[in-house]
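**Q** Spelled out, the chains give:
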Amino acid sequence: MAQAKFKIWRGTQDQGEFQEYTAEVGEGMVVLDCIHQIQATQAPDLACRWNCKAGKCGSCSAEINGRPRLMCMTRMDDERYITPGETTIVEPMHTFPLIRDLVTNVSWNYKINKMIPRFQPRQADAPDGTWRMSQEEVDRVQEFRKCIECFLCQDTCHVLRDHGKTEGEMFGGPRFMIRVASLEMHPLDTADRLPLVKDSLNIGLCNITKCCTEVCPEHIHITDNGIIPLKERVVDRFYDPIMWLFHKIFGDKQKAEPARTRTALPVIHEPAAKS
Amino acid sequence: MADYETHEHDVLVIGAGGAGLRAAIEASATGVSVGLVCKSLLGKAHTVMAEGGVAAALANVDNRDSWQVHFADTMRGGQYVNNWRMAQLHAQEAPARVRELEAWGAVFDRTKDGRILQRNFGGHKYPRLAHVGDRTGLELIRTLQDHGIHQGMSVYMECTIIRLLKDGDRVCGALGYYREKGRFVIFKARAVVLATGGIGKAYKITSNSWEYTGDGHSLAYNAGAELIDMEFIQFHPTGMVWPPSVRGILVTEGVRGEGGCLRNSEGKRFMFGDIPDNYKPQTADNEEEGFLYVLAEKFNGKDSRRPPELLTRDHVARCINREVKEGRGSPHGGVFLELKSFAEWMKKRVSSFDADSHWKKKLPSMYHQFKELGNLDLTKQPMEVGPTTHYVMGGIRVDGDSQMSKIPGLFACGECAAGINGANRLGGNSLSDLLVLGKRAGEYAAHFAKDHGAGTIHDDQIDEATRWALSFIDEPKGDENPYKVQQDLQDMMQDLVGIVRKEEEMVRALDGLQQLWERARKVRAPINREYNPGWHTCMDLHNLLTVSEAVTKAAIERRESRGGQFRDDYPKKDSKNFGKKNTVVWKGADGRMEFRWEDLPPVPDDLKEIIKQQGEGKLPEELQ
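Those sequence lines, one after another, are chains X and W.
Each residue of the first sequence is one higher than the one before, counting from 0 in numbering that gives the first Met the number 0.
Each residue of the second sequence is one higher than the one before, counting from 0 in numbering that gives the first Met the number 0.
If you are wondering where the hints come from, they were derived from the structure by calculation, not from laboratory data.
Take these hints with a grain of salt, some might be off.
Here are the simulated lysine-lysine pairs, DSSO-like style, with alpha carbons at most 30 angstroms apart [as the list claims (entries may be wrong)]:
| id | chain 1 | residue 1 | chain 2 | residue 2 |
| --- | --- | --- | --- | --- |
| 1 | W | K180 | X | K209 |
| 2 | X | K113 | W | K187 |
| 3 | W | K180 | X | K113 |
| 4 | W | K180 | X | K110 |
| 5 | X | K209 | W | K187 |
| 6 | W | K580 | W | K279 |
| 7 | W | K180 | X | K6 |
| 8 | W | K187 | X | K110 |
| 9 | X | K4 | W | K370 |
| 10 | W | K483 | X | K4 |
| 11 | W | K180 | X | K164 |
| 12 | W | K361 | X | K209 |
| 13 | W | K579 | W | K501 |
| 14 | W | K359 | X | K209 |
| 15 | X | K6 | W | K370 |
| 16 | W | K203 | X | K4 |
| 17 | W | K360 | X | K6 |
Note that the coordinates shown come from a computational prediction; the quantities given were computed from them, not determined experimentally.
Make the full structure from the sequences, and use the hints.
**A** Following this line, the structure appears as structure tokens:
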């Protein structure tokens, strides 16, 4: 069994440091296995979230060597993320306030979710009191509904991460653009959430860098299939698009403080999968 | 008593998976105040892991289906030791609960004519599982979550309950701690609903997450409720076996429902060689018929019978176990599950059939899981699979209509409650169970809260529990590592009270449990109350030990093989002695676990008649 070295962030929002650990790495092990091993043998109070360990619950989000990843889906032998022989750095998501070690306070996301009016179906129209929808009609929203709420897209979104747009003129973030899209594009839904998307979730702040799409463990086309069509709907209804772009490019010069005081490592965007 | 954060609700729901959420939604809808406590973040509960679908006799794909057939299938799968009333209500009400989900925004896969699509699953006579690819649980929990948050309930996330509080006989609240700061919190409640899930973490190889430590079972037991059927544990036949770090992660039954074949190292489809008599009339005896069944609608094969891979989970798991034990396993101690045979069969019929995109569409998360964790492309290569601890049929004894336990005001639903599944649960019946019986638990808990005043919280109970909790960090009685004790427990339960059981091994397990209890009293964690998983493990360990003891005791007493209990020393079903009884354990006056047998409530004649019609002319007593 090979040994792997880790530097793991230990501490709270106010103070902390990277500490070094070593794990024995067996075949097929993922980063989360190493964290568990370190917990069981060296650091019993190392805080981390996890549940399913199969990429389905979205609890174990962290930044591994600077990349937002699910720890349970990052194999130690995957050279896209782990460099053999080098120390692996594991730290909490940067965008959210730190609770302890690898655990962040993601409650902001739950608040945003609650702002979105729930599904409101049209009157049932089939004889049995239900509805008829074809598979083709629901394919699009089913893609969005694959979201496991790992919040890695929120973590990597520079509007939230670097510009700290979590209050005031805040940005709802890619996760909730996708959630709105899943409702707005639902064949049965009748509610209108475009004013919310425009004025409260400020979809205009997204400038389509697609970082969110790159980190999505469910491979949802967040930008292309969700945010851009929503932007088009907002623009169609509310704006002359040319004037809107001009305003956004030249009008918004103030730079907000970063959300976190701890020095953030630069996010390295995921390279394409090896064929 | 110290001054702890206190919340007051009419109904407190402990556990926020499907059952807890559904109960909370129902209780809120009646206008009472509801608190919902989640051990993790909201929406992360184990329900997200449910893959295959939710069983409901909607009859969208095969119009011969009805609640009666679903009821009879559930009873047959449970080997007739189910609570008939729960099985009846479940089968009758499941279709309405599924339609309701659609009205709340769930987006199920569709039939050609635009209705909810249903798929085949083990033990279900007709295609019955409403599904969304292989991520049905996620769809279900997200739908309930996004509906529930607008119902006015208060949600307490990352909060673990360590005691139920009682006022005389009745329950009057609960005490817990927040993971974040380790602060205690008191909930006063007129009624409490337990929906805490299962006990999988008592075993080494399991599909369950860290949360599955039998909390609700143990809370109820310690408060004076009874646990029944604890010997019945479902070992899901297909968990991943390789690489070692993913051993136990679930491979959905949907793979077999969509045509997956189990083969041993000799390439033989061994399930064809072992079809139990009571399933022979409805099981295919040749490959052609089995494949035809998978796509019966497409090829007009409605009368074809299902392939033997879709026999009940207890049986398939044991067959896999046998193949491995007798030296016909795969390289890493499982058997092969392959999709190639079905794809080749399809290709002969539909030349345009594209296996690659077909499986990616039907089984997207399985594809992803094997690709990323196992370096394997399931559209091309066979998977290696073996049994994994998946579900406990046993649990808190509750009333079939109201889901109330023996303790006034204490309700239970979902996996932590017992009865509906008997000796073995059919795949897909747990998602429908948590919708149907979760709703009922919420409804009756709300009624109870309206009819009863608030109880009084007694300080001595709070003091005892908080002292106990803090002892592991402030005044540890020893230097045991909680993770190590947990691991030793898991190893022991896996080896001695696992899929194949023997009296002498289980008696050894009881001794082992005594030693583990001793060690569990001496565990310690670093002095730190903030998000300290070591400390949390110290406490969870006591729940795991309680449920492990209950499983072992009940399994020793049931000297026969039935469903989730397989005894090497009593390999046959013994209906004369055990066919009409449930095992019951409870906490005796001296604190020790007591055991007794209790007769099953008799099945009413009209339901007997249904079973007879669906069971090839036999009454339940002849089938037991």
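**Q** Next step is simple, just say for each hint if it's right about the structure.
**A** Outcome of the hint check:
Restraint check for K180 of chain W and K209 of chain X: the C-alpha separation of about 36 angstroms exceeds 30 angstroms, so the hint is violated. Restraint check for K113 of chain X and K187 of chain W: the C-alpha separation of about 26 angstroms stays at or below 30 angstroms, so the hint holds. Straight-line distance between C-alpha atoms of K180 of chain W and K113 of chain X comes to about 25 angstroms, which keeps the hinted pair within the 30 angstroms bound. Straight-line distance between C-alpha atoms of K180 of chain W and K110 of chain X comes to about 21 angstroms, which keeps the hinted pair within the 30 angstroms bound.
Our distance criterion of 30 angstroms between C-alpha atoms is broken by K209 of chain X and K187 of chain W, whose separation comes to about 47 angstroms. Between the alpha carbons of K580 of chain W and K279 of chain W the distance comes to roughly 26 angstroms, so the proposed pair stays at or under 30 angstroms and holds. At roughly 24 angstroms between alpha-carbon atoms, K180 of chain W and K6 of chain X fall within 30 angstroms of each other, so this suggested pair holds. A threshold of 30 angstroms between alpha carbons decides the hint, and for K187 of chain W with K110 of chain X the separation of about 25 angstroms falls inside it, so the pair holds.
Proximity of K4 of chain X to K370 of chain W is assessed by CA-CA distance (about 26 angstroms); at most 30 angstroms being required, the pair is judged to hold. Of the pairs offered as hints, the one joining K483 of chain W and K4 of chain X holds, with about 22 angstroms between alpha carbons and a cut-off of 30 angstroms not exceeded. Pair hint K180 of chain W plus K164 of chain X holds up; C-alpha atoms about 27 angstroms apart against a cutoff of 30 angstroms. Taken as a hint, the K361 of chain W and K209 of chain X pair is honoured in the structure, with Cα atoms around 28 angstroms apart against an allowance of 30 angstroms.
Of the supplied pair hints, the one linking K579 of chain W and K501 of chain W holds, its CA atoms being roughly 22 angstroms apart against a limit of 30 angstroms. Restraint check for K359 of chain W and K209 of chain X: satisfied, since their Cα atoms lie roughly 24 angstroms apart, inside the 30 angstroms limit. A distance of roughly 28 angstroms separates the Cα atoms of K6 of chain X and K370 of chain W; the hinted pair therefore holds under the 30 angstroms criterion. For the hint linking K203 of chain W to K4 of chain X, the alpha-carbon distance of about 26 angstroms falls within 30 angstroms, and the restraint holds.
Of the supplied pair hints, the one linking K360 of chain W and K6 of chain X is violated, its CA atoms being roughly 39 angstroms apart against a limit of 30 angstroms.
In this structure, the earlier hints numbered 1, 5, 17 are contradicted, and the remaining ones agree with it.
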